[in-house]
Amino acid sequence: MPTLVSHPDEVKVVSRRFGMGATDIDKYVELDGYKAVQMAIEQGPEWIINTMKASGLRGRGGAGFPTGMKWSFVPKVSEKPKYVLVNGDESEPGTCKDHVIFLHDPHAVIEGTMIAGLAIGAKLGFIYLRGEYRYLLKIVEKAVADAYAKGYLGKNIFGKEGVDFDIITQTGAGAYEVGEESALMESLEGKRGVPRIKPPFPAVVGLYGGPTVINNAETIANAPHILLMGGESYAKLGTERNGGTRLFGISGHVERPGVYELPMGYSMRKAIYEVAGGIKDGKKLKAVVPGGSSCPVLRADEIDVGLDFDQMAKAGTMLGSGGIVVLDESVSIVEFALRTIRFYQHESCGWCIPCREGTDWIKKTLTRFHAGGGNKKDIDNIQYLAENMMGRTFCPLGDAAAMPTLGFIKKFRSEFEEYLEGKRVEHPLIQIQPVGEPELAGAH
Amino acid sequence: MSSIANSIFTPETAARFDKLASIYPVKRSALVPMLLYAQDEIGYVSNAAVAEIAERLDLLELDVRNVLSYYSMLRTAPVGKYNVQVCTNISCMLRGGFELLDHCKKTLHIGHKETTADGLFSLEEVECIGACCWAPAVQVNYDFHEDLTPAKMDAVLEDYRAGRGKDVK
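Just so you know, the protein sequences line up as chains G and X, in that order. Mind the numbering: the first sequence is residues 1 to 444 in this note's numbering, read in order. Mind the numbering: the second sequence is residues 445 to 613 in this note's numbering, read in order.
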């Protein structure tokens, strides 16, 4: 089981119950659990949505869209049933924050799902976890069963006549692409998890053609806390236009990797050097991938930036899923770029050409380059390929592959050039295959 | 009592499938979960499993195979009793994921997607498994093992070899 670490600078809202045994429903209730949903039933949809809007909560999956606004887009009247879909398909490399939510506080996700359902008028919610989290599904399944047993789920919940809500839980079976909301719906409908063309957006035409709210698990888990503490109080914890706190997973070359809840806008430098204990083994910082592997890299001199959506955008990168990956001086950016693109090539669903072909050509070129067979045109070619993927795919996977690639070349071009001249790091992380040899079994 | 006569699955799994087919607004939604449970029981998704699942969900076998081929955790051939899945994605790579993979290859004498002669272990290099802050991490079947070193990995493998390992399904 993942170990929890904490730091005095943390502001615990969504992580308030972590490590306190809140997987047990009685303990969860003792810690103010299922109070917020009862308030939501009393106060009604308008109050819920206004509170969520006032909180300034923005989607924690990566896109950062205001949650209250998303919920308000769902048509009030619909011929087809409405649904809530919780996206727990957390597959962006560097990201493991939802993992700890499901592990320590599954009822918060359940309660949040109910709140979202009440806000939009849905009677059925889905909690969809990534396939690798099947051991967590057991925890969530038990929590759902316990909630049914208490009468918190099902017909006439909390004894309220006519208020019904059901939850179905399941996992995927290993596909990064399914984290994209329309691909998630396809997967849940029992199909290959490839994206849908938008518009129409899920808020209007979603699961089974009905209006659907899709939120990341952390976003949903925040909802009960927001209703309890009030939207304004939550908003004040963060910065302007970036309400509240968020879970940051700090991994890689730091002394104390972990998932920490910090206020929005918290200094990235402090997050790395103080919260996560600084660079491992006293080495020097080289670079930071700030919000999961799709976010453009920052150099060591660029980390004086606040961790919120707007400040990160201003710094030319993204807050993404909050997965901060720290690289020390020993890392070869060529290797790191290769490992990153290998992932996106492997996970491209293959539906649209710029992504399918682009990721493959970049991977092939970088593989040859990495093996010592590079030439001067390669760097420009990789850049050209990535630039031509940007904005040209049905879903954001193409961008997610292109953005880090462009970032590595922009920020570390000289390192690619030096690599061409034969300069190597002392301890390479990936085995180098001589040019012309077939790929190693296992290199995918 | 299963809705299917002569189910190839155990009564428990058959009952679970009956339930799965009934809870979703559209039956087909049960497909991915069913494939996973079928794999849990048989060790892989066999032709017979494809046929029965197709029948249960009123789908063509082709529909089932289409979905089956898409997801990386689903397989159409058996693996070892314990499938050792080593993550080498970025966070794990930075903290020794590749070293761990090489170590497993050497100690188990097998490569990616191969199985030991005694059928006990299979090895697989996998993409991010969502344990980045506890890297390097390995999943054995569905169990996570974190913050590993080659020595700790040996202990993990020894536990499974001796029948002491966790094996959650």
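FYI, nobody ran anything at the bench for these hints, they're computed from the structure. These figures come from a predicted structure and were not determined experimentally. The beta carbon of each residue, even a glycine, is placed where N, CA and C say it ideally should be. Incorrect hints may have been included.
With a straight-line Cα cutoff of 30 Å, these simulated BS3-like cross-link-like pairs (lysine-lysine) come out [stated by the list, open to error]:
{"no.": "1", "chain 1": "G", "residue 1": "364", "chain 2": "X", "residue 2": "557"}
{"no.": "2", "chain 1": "G", "residue 1": "283", "chain 2": "X", "residue 2": "525"}
{"no.": "3", "chain 1": "G", "residue 1": "150", "chain 2": "X", "residue 2": "463"}
{"no.": "4", "chain 1": "X", "residue 1": "463", "chain 2": "G", "residue 2": "284"}
{"no.": "5", "chain 1": "X", "residue 1": "550", "chain 2": "G", "residue 2": "142"}
{"no.": "6", "chain 1": "G", "residue 1": "155", "chain 2": "X", "residue 2": "549"}
{"no.": "7", "chain 1": "G", "residue 1": "160", "chain 2": "X", "residue 2": "463"}
{"no.": "8", "chain 1": "X", "residue 1": "525", "chain 2": "G", "residue 2": "142"}
{"no.": "9", "chain 1": "G", "residue 1": "160", "chain 2": "G", "residue 2": "142"}
{"no.": "10", "chain 1": "G", "residue 1": "314", "chain 2": "G", "residue 2": "53"}
{"no.": "11", "chain 1": "G", "residue 1": "80", "chain 2": "X", "residue 2": "610"}
{"no.": "12", "chain 1": "G", "residue 1": "280", "chain 2": "X", "residue 2": "463"}
{"no.": "13", "chain 1": "G", "residue 1": "76", "chain 2": "X", "residue 2": "550"}
{"no.": "14", "chain 1": "X", "residue 1": "549", "chain 2": "G", "residue 2": "423"}
{"no.": "15", "chain 1": "X", "residue 1": "463", "chain 2": "X", "residue 2": "525"}
{"no.": "16", "chain 1": "G", "residue 1": "411", "chain 2": "G", "residue 2": "364"}
{"no.": "17", "chain 1": "X", "residue 1": "463", "chain 2": "X", "residue 2": "557"}
{"no.": "18", "chain 1": "G", "residue 1": "12", "chain 2": "G", "residue 2": "27"}
{"no.": "19", "chain 1": "G", "residue 1": "138", "chain 2": "X", "residue 2": "596"}
{"no.": "20", "chain 1": "X", "residue 1": "596", "chain 2": "G", "residue 2": "280"}
{"no.": "21", "chain 1": "G", "residue 1": "364", "chain 2": "X", "residue 2": "550"}
{"no.": "22", "chain 1": "G", "residue 1": "410", "chain 2": "G", "residue 2": "314"}
{"no.": "23", "chain 1": "X", "residue 1": "463", "chain 2": "X", "residue 2": "596"}
Pulled from the structure, derived: some chain G residues nowhere near chain X, Cβ distances all over 12 Å [said to hold, decoys possible]:
{"no.": "24", "residue": "134"}
{"no.": "25", "residue": "256"}
{"no.": "26", "residue": "339"}
Results of checking the hints against the structure:
no., hint, result
1, 364/G <-> 557/X, "22 Å, holds"
2, 283/G <-> 525/X, "41 Å, violated"
3, 150/G <-> 463/X, "21 Å, holds"
4, 463/X <-> 284/G, "56 Å, violated"
5, 550/X <-> 142/G, "40 Å, violated"
6, 155/G <-> 549/X, "53 Å, violated"
7, 160/G <-> 463/X, "27 Å, holds"
8, 525/X <-> 142/G, "26 Å, holds"
9, 160/G <-> 142/G, "23 Å, holds"
10, 314/G <-> 53/G, "24 Å, holds"
11, 80/G <-> 610/X, "44 Å, violated"
12, 280/G <-> 463/X, "50 Å, violated"
13, 76/G <-> 550/X, "61 Å, violated"
14, 549/X <-> 423/G, "29 Å, holds"
15, 463/X <-> 525/X, "28 Å, holds"
16, 411/G <-> 364/G, "21 Å, holds"
17, 463/X <-> 557/X, "33 Å, violated"
18, 12/G <-> 27/G, "18 Å, holds"
19, 138/G <-> 596/X, "26 Å, holds"
20, 596/X <-> 280/G, "20 Å, holds"
21, 364/G <-> 550/X, "27 Å, holds"
22, 410/G <-> 314/G, "16 Å, holds"
23, 463/X <-> 596/X, "41 Å, violated"
24, 134, "5 Å, violated"
25, 256, "9 Å, violated"
26, 339, "6 Å, violated"
In this structure, the earlier hints numbered 2, 4, 5, 6, 11, 12, 13, 17, 23, 24, 25, 26 are contradicted, and the remaining ones agree with it.
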